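Modelling step: build the complete structure from the supplied sequences, incorporating the hints.
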Amino acid sequence: MWRQLLDIFSSIKLTIVCLSAAMMLVFAGTLAQVHFGTHVVQERYFQSMLVWWPANSSGFRIPVFPGGHLLGAVLLVNLLASHLRRFRLNLHNTGMHLIHGGLILILAGGLFTDLFSVESQMQLAPGETKNYSEDSRLVELAIVDQRNREADRVVSIPEARLRQGGAVSLNGLPFSIVIKRYFENSRLQAIGNGETNAVPSADHGLGTQISIARIPQATAVDGRDVRSAIIQLVPSEGGAGSQGTWLVSEGLTSAQTFTFAGGPWRLEMRPVRYYKPYGVTLQKFTHENYPGTDIPKNFASQITLDDPVHRVSREVLIYMNHPFRYGGETYYQSGFGRDDQSSILQVVHNPSFVAPYIACVVISLGLLIQFGIHFVGFTRRANLHRAI
Amino acid sequence: MKLQKSFLLVGVFSISVLNSGCNNKQDATVYSVAKETPSAQHAGTPTAMPPGHPTVGAMTGEAAMSGNPAPEINVGTPPPQWKMKGPTPMRVASFEVKGDKETVADISLILLNGAAGGVLDNVNRWQSQLGQPDLTAENLAQKEQHLQSPLGELTVVDLQGLPQGADAATDGRIVAAIASNNGVTFFFKMRGNAELVGAQKEDFIKWVCSAHTGAAKAETATQPATCPVAPPAHADASPTPKS
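For the record, the sequence lines run as chains A and B. FYI, in numbering that gives the first Met the number 0 the residues of the first sequence are 0 to 387. FYI, in numbering that gives the first Met the number 0 the residues of the second sequence are 0 to 242.
In case anyone wonders, no lab produced these hints; they're calculated from the structure. Treat the numbers as computed from the prediction; the structure is a model and nothing was measured. You may find that some hints are simply not true.
Mimicking SDA-like on lysine to any residue, the simulated pairs with C-alpha atoms at most 25 angstroms apart in a straight line are [unchecked claim]:
id	chain 1	residue 1	chain 2	residue 2
1	B	34	A	255
2	B	34	A	61
3	B	34	A	267
4	B	34	A	0
And the structure:
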């Protein structure tokens, strides 16, 4: 049984099939970007185990092709199995072991990066402090219980759950959230006075004054979807006073509030937040252009980091190609707000960021040893020929 | 045969990974954060990870502060004859102006994130409010004016028409301006009696040009508004060249 498995996974045919499938996947993914946009294709084709059809449906779907993660994983197993099978553990094969080890590290590192890295952004105005970064590619429905004077309790419902629909009930939440409709992209329009033919999107909150229409997802590189949902707040058993239906949308510029169970609550569709155990304050943002041009020369953010847990308080300068690493996260100077005064920092949490560096060193070492062994053997043979 | 087996194994492997690894992204999470206050963003308070928050790296913690700075909008200076109306959830600013013979016009500023349907869709919605047919992009290009304001480029339209059964004292013309700033679309709109709206158009444009965001405030404090005064109120005024 194990032998059969090893035969299959160490097969060169499997390597060829996987590499061919990877080429086809890249080709199909490139074409699909026309319809779905870069981010969606990256998620559905390359950062997935399987490519599903139909792509947009939330109902019955069938897998039609292996996704990037599956191909990468199979190639990794294939490389490992074929190496185990073909190379004995001896000094003569040290170079080959190291080269394959490096390749395995690159593949595994890539897979780990895709699975576990988190990229987000932190936009700061001068003097502003934040303890969270946001990923505007993903949204969350935040239902904030503001009844406590000390702290707010946040129920965060991710986009994937919103897409599923149905009811969300959580312990301690005095109502269920029923997701009635979810819009991957939507057009919101304010209903004007006397506009009788417009249908309000909800019967409570801002939705009473806004109509909503489903529109195709943005596929342009600079296009942006306005994700929205119609939700209903249904009191838990024994509770009274329905809160009706509400429109929650990225298109709304402010959160909505309502009163329930003796206190205020807030509803908001917002970019997903990643909280940090420390605060980052922007002291100064500098944006320099080359004289007489609009070509950027340098962006720099002078920040203060305050970490009460580790008793760290320090000033840091982040600028182009000089990121700042702290707490397992890397802060890059990414850009600036359109007002040219606020700074945008890219926050990357990648537990396997050292893998490619280590892999490169290991492969280089392996190549040196492998070629060295061949070179020494070659020179010995040449000397032998000369001696004869 | 071997190849078939390999595909079978790959299938089993993928389904098991899918079942085991991909569900956690769909769960709702609950965590606590310190009260959000507008001043929190400048407090410089050190913070900690909220309890229950999904782990980022190896970080954990307890109470947390969270700042949620809404864009600082200054709705500008309305002319004295405009009477401020009570706020509504949708309207950032709301006014009413009265003219002779009980004529009325309603003025509002609404903000939406994103393109909010774009200029053409919104103009056609206003056209339908006035009982008028939709405009094509070419028609709109003939009708719209472009002005520079502290909020960025403004698209100004002047639409006329009286919908069936409407009262000419309170309806018949819409002058509106759309601006996009930092991902937020600003809809300035004045709707009411055609003559009154025409008479108020210049003041409306001045008001629109006086609105700015907090970030733009510093610039406008030292520079005069670049918004030119609109041409004489006339629904069919020739378009101002794009500046």
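Against the structure, the hints:
no., hint, result
1, 34(B) to 255(A), "holds, 16 angstroms"
2, 34(B) to 61(A), "violated, 46 angstroms"
3, 34(B) to 267(A), "holds, 15 angstroms"
4, 34(B) to 0(A), "violated, 60 angstroms"
When the structure is compared with the earlier hints, violations turn up for hints 2 and 4 and for no others.
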